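Student: What follows is the residue order along each chain.
Protein chains: 2
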Amino acid sequence: MGEVNLHGEWSSPFSYRVIWALKLKAIEFEYIEEDLSNKSPLLLQYNPIYKKIPVLVHGGKPISESMIILEYIEETWPKNPLLLPSDSFERAMARFWIKFSEEKGPTIWKIFVTSGEEQEKVKNESLEILRTIEEKGLGEKKFFGGENIDLLDLAFGWMPYWLGVIEEILGLKLLEADKFPRLHAWIKNFKQVSIIKDNPPDRDRMLIHFSSLREKLLH
Amino acid sequence: MGEVNLHGEWSSPFSYRVIWALKLKAIEFEYIEEDLSNKSPLLLQYNPIYKKIPVLVHGGKPISESMIILEYIEETWPKNPLLLPSDSFERAMARFWIKFSEEKGPTIWKIFVTSGEEQEKVKNESLEILRTIEEKGLGEKKFFGGENIDLLDLAFGWMPYWLGVIEEILGLKLLEADKFPRLHAWIKNFKQVSIIKDNPPDRDRMLIHFSSLREKLLH
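For the record, the sequence lines run as chains A and B. Numbering-wise, the numbering used here puts 163 at position 163 of the first sequence, and it's gapless, one number per residue. Numbering-wise, the numbering used here puts 194 at position 194 of the second sequence, and it's gapless, one number per residue.
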């Protein structure tokens, strides 16, 4: 099937989606860490439109945009385990919530570069989004995908790690355990999946990195 | 396979994507026109998250978001004709450009609610987006999908009709024939597909509708 290379960056939730998907499928790959302040010529050649990580290169062919990469992985290596429902209506529902994560995630991310009154406003918007995810997206299920982790869980993978880092840096809590009991249970389930547990992002390094990023962006 | 109903609105490019896809596949369906100023209880029940058209209801099950509907149609009725490439890398490329259309389309749409200096700025951004679509997305191909119309062409379906209406209302030209010869050839090819030719949006009514919408939004 050809060599698999992944161009990523250690602090990116989008990179981690791809790393986790490849590892869940037990696909061997070479990981190439990109310095985003000095991107490699290869990255620019592979993703000339956005010049962004992650890029998956399979047999010499580059694919960009994390969720498109994940659908590609699912279609190219469809089994062990299946990461999208086999029923086409259920698959449409998964894609609906993946799109929701892609569209609403940036709103929550915005809280990171705000303060004072603006932060309060974004916080309320974010709580509403999280409420919708909890009640309508997750519901009573163990994983977004049902009994097992799937692409939709990976799409929401920014929640278990990155959201906590942001909360810690800002000194505020969005996902309070008593207000979001289902998302809290899901985060626990997500982190207990062995592939996730064995390949977490570097929390300590992220705390330092994102603190300094916030300083730069605010001043 | 169950009844197929489509909740749409006559002036929406997102509705037309679905209408065209269903007709290209020769799927019988009932079309339900929604009054967006007074949405039907059924629409609100079917799409509680966004409360938007289009919604496809197949055998009682509702699917929202036009491109997710199109992927569902392709997966449920995969043949006659195939509307996504059968090769998974080519399919990833199609999804990359569909995402590009979804993300960049709104920037071009923004020109519609601007004037003066701001309009000039959005115009330049729009021209750059159209340049990327022409050179990197379409290239020398007859259709975005190659020799035949496919989902990617439908994703760009806002160009052949809605963009022209906007240009006429604003009295400016984005897609000049000498600057975008390939997109011009594509628009001609697109409009010659018999399903498209026989089911165009109502241009005269759109001119009146969008003119009055612009007045409302600007004042």
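Watch out, some of these pointers could steer you wrong.
Copies of the same chain look alike in the list, so a pair counts if it works inside one copy or between any two.
Pairs of lysine-lysine residues, derived as DSSO-like cross-links and limited to a Cα-Cα distance of at most 30 Å, are as follows [unchecked claim]: (1) Lys216 x Lys179; (2) Lys79 x Lys121; (3) Lys110 x Lys51; (4) Lys23 x Lys179; (5) Lys110 x Lys121; (6) Lys79 x Lys216; (7) Lys197 x Lys23; (8) Lys51 x Lys136; (9) Lys141 x Lys188; (10) Lys61 x Lys136; (11) Lys216 x Lys188; (12) Lys79 x Lys179; (13) Lys79 x Lys123; (14) Lys25 x Lys123; (15) Lys99 x Lys23.
Hints listed in this document are in silico derivations from the structure and should not be mistaken for laboratory results. This one's a predicted model, so the numbers in the text were calculated from it and none came from an experiment.
Student: Could you run down the list of hints and mark each one as holding or not?
Tutor: Against the structure, the hints come out as follows:
1. Lys216 x Lys179: neither (32 Å within a copy, 41 Å between copies)
2. Lys79 x Lys121: Intra 44 Å, inter 48 Å, cutoff 30 Å: neither.
3. Lys110 x Lys51: For lysine 110 and lysine 51, the Cα distance is within 30 Å both inside one copy (22 Å) and across copies (24 Å).
4. Lys23 x Lys179: The answer is neither: 33 Å in one copy and 46 Å across copies each exceed 30 Å.
5. Lys110 x Lys121: Classified as both; 11 Å inside a copy, 24 Å across copies.
6. Lys79 x Lys216: For lysine 79 and lysine 216, the Cα distance exceeds 30 Å both inside one copy (44 Å) and across copies (53 Å).
7. Lys197 x Lys23: within (12 Å within a copy, 48 Å between copies)
8. Lys51 x Lys136: between (34 Å within a copy, 14 Å between copies)
9. Lys141 x Lys188: within (13 Å within a copy, 49 Å between copies)
10. Lys61 x Lys136: Intra 37 Å, inter 16 Å, cutoff 30 Å: inter-copy only.
11. Lys216 x Lys188: neither (33 Å within a copy, 49 Å between copies)
12. Lys79 x Lys179: Classified as neither: same-chain Cα gap 37 Å, cross-chain 47 Å, threshold 30 Å.
13. Lys79 x Lys123: Neither, since 40 Å and 47 Å both go past 30 Å.
14. Lys25 x Lys123: neither (36 Å within a copy, 45 Å between copies)
15. Lys99 x Lys23: Classified as both: same-chain Cα gap 23 Å, cross-chain 26 Å, threshold 30 Å.
The structure does not agree with the numbered hints 1, 2, 4, 6, 11, 12, 13 and 14 stated previously, though it agrees with the rest.
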